[in-house]
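Visitor: Listed here are the chains, written in short residue letters.
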Amino acid sequence: MRRARRFNINGILINAAALVLVLSYALPYVYLLTTSIKPAADVQQIPPSFLPAVVSLENFREVLQSSALPKAFASSLVVAVLTTVLSLAVAVPAAYVATQYRRRITTLFLLFALVTRMVPSVSLGVPLFQLLKSLGLLDTIPGLVLAHTSAAVPLALLLMSAFFEGVPKELEEAARMDGCTRFQAFRKIILPVMIGGIAVTGLFTFITSWNEFLYALLLTSEATKTAPIVIAEYNSVYGLAWGAMTAAAVLYSLPVIVVTLALQKQIVGGLTFGAVKG
Amino acid sequence: MSGEDRFVLCMLAPALAILGLLVAYPVGLLVFDSFFKVDTITPHIREWVGLKNYIDALTSKRVAESALRTIQYSVFALFFEFTFGFCAALLFSALPGQSRWHRTVFTLPLMVPPIVAGLLWRFLLVGNIGILNYGLVQLGIIRDPDAIAWLSDEDIVIYSVSFADIWLTTSFVALVSYAGLTNIPRDLLEAARIDGANAFKRFWHVTLPLMRPVIAVIVIVRAVDAAKTFDLIWIQTQGGPNHASEVLSMNIYQRMVRFGDLGEASASGTLFLIVMMVLAAAAYWKIWRPAHA
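Going line by line, the protein sequences match chains S and U. Residues 1 to 278 (this note's numbering) make up the first sequence, in order. Residues 1 to 293 (this note's numbering) make up the second sequence, in order.
Chain S on its own, in the form it takes in the complex (with noise of 0.2 angstroms):
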């Protein structure tokens, strides 16, 4: 009796402690969400308050008219999208035969991937402003996806190769007695079987393309900018436009939370799968 009681309590205050972390992470960003919504002279009131007096669409419709921030969320995206599809047409690959064909070299290049993810970004960047450079590469796309790539294969590579480790050999051994070539068994049998490991890979590859800011700072100028970049402007371009910042963060940052939110199992399982294999 007196066991199952002190459970029950035991029970109650873990669940109320569990409760009071969320709450306290989650908050933050609510706020965000709330000052976004407020009119822009009320965004900056003093005492501030959590909750909007009056609910106005004002911040949005300002940076939405703007010209800067369109235009940086069509060249984010642009980036994003040709640095998935680059990073992961070279990485799944890769990653297949490092795990399923084991030999010194695939090993040498698995370590060499985790060793780049050591590399301070700022390292990186100060060559390959030069690099871009000399090929005529400096604010343009191409220029900034080839910086992102640099990032972002590493870690498909590292996920990847966390998937492929699930898959027995036995699979391809299959394919080629049914008289495939490795390629085809890799293309038509493979493929399809990782398709799901490669989404997840693919939406970690545009969310570090989506994110980065360091080499968008670099190596990009007027005509390439991306959405990061435009938004910290708004604190020495615009004077402090709080109201105005906290909208376009959110446009920038809520699509994201949504889709990884809607996929949050496949991706906490790629996530904590690729960190402690890797």
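Calculated from the structure, these hints are not laboratory results. Mixed in with the good hints there might be a few duds.
Claimed, not checked - The list that follows gives simulated cross-link-like pairs (lysine-lysine, DSS-like), each with its CA atoms no further than 27 angstroms apart: (1) Lys169/S / Lys188/S; (2) Lys133/S / Lys71/S; (3) Lys52/U / Lys133/S; (4) Lys37/U / Lys52/U; (5) Lys61/U / Lys37/U; (6) Lys133/S / Lys37/U.
Stated by the list, open to error - Covered by chain S, per the in silico footprint, the following chain U stretches (three or more residues, Cβ under 8 angstroms): (7) 99–106; (8) 121–133; (9) 198–211; (10) 264–272.
By construction, the Cβ of each residue, glycine as well, lies at the ideal position given by its N, Cα and C atoms.
Given chain S, work out where chain U should sit, using these hints.
Guide: Leaving out everything else, chain U in the frame of chain S:
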């Protein structure tokens, strides 16, 4: 070369080419440039200066200070995000039933772009309208909302800017730890309980040793990322006030962009790279390996 070898090489080649062109070659260029006097406007004109750039970097007070700040920032951020994240994971695994929606909501910050997290925390901390101080007044912790100038007090700003980092990455620690905790065999904990070990002893003698490789990975990944941080701090303070939140990556960026000194930026970049490699390797050998042996 056998058909199999040729297949392996063909599949590997595109990735090798990309990493070669976009990682290995730039790193080579970085090291090469570090021995020259060269600027960003005319990078084809270079003058050999030997180790001068390295000597300048290593004797510069501003570089030393930004390196120290990088350590302060990383240690502070890592300590809190690890503590909070690990406790959250323990809490979630102790929840009766599934902790699915707790974990779902808790993942939220993980999806927030760093630039937005930095912006948001700046908005929470900024003087006059920062809501955090008003909250602290309501709780009776401080007496008036101007009592703590989070982002403009030179003595504390390097710690204040790490709040965004802690908020952003606690959930990464929590999720990875949670995955590790669920992999611990239940009967091991049960056996310890039957042997009379209390909750604390079970944690200390069973859970923690088994979690060692997971903890190692978290610490290495997070420490490296924290030391590399640029965007989160940039958007909050741009390194200010008076360079008080300028970390190493920002220092290198400034020397390249503001002063156009490619040679010196390359020397610092090379040193930064070497230190990170050595740290990661040391952490790997010391913490991760013994658990496998």
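Visitor: So, for every hint listed, does it hold in this structure?
Guide: For each hint, the structure was consulted:
{"no.": "1", "hint": "Lys169/S / Lys188/S", "verdict": "holds (15 angstroms)"}
{"no.": "2", "hint": "Lys133/S / Lys71/S", "verdict": "holds (23 angstroms)"}
{"no.": "3", "hint": "Lys52/U / Lys133/S", "verdict": "holds (25 angstroms)"}
{"no.": "4", "hint": "Lys37/U / Lys52/U", "verdict": "holds (9 angstroms)"}
{"no.": "5", "hint": "Lys61/U / Lys37/U", "verdict": "holds (20 angstroms)"}
{"no.": "6", "hint": "Lys133/S / Lys37/U", "verdict": "holds (18 angstroms)"}
{"no.": "7", "hint": "99–106", "verdict": "holds (count 6)"}
{"no.": "8", "hint": "121–133", "verdict": "holds (count 7)"}
{"no.": "9", "hint": "198–211", "verdict": "violated (count 0)"}
{"no.": "10", "hint": "264–272", "verdict": "holds (count 5)"}
In summary, the structure is inconsistent with hint 9 from the numbered list given earlier, while agreeing with all the others.
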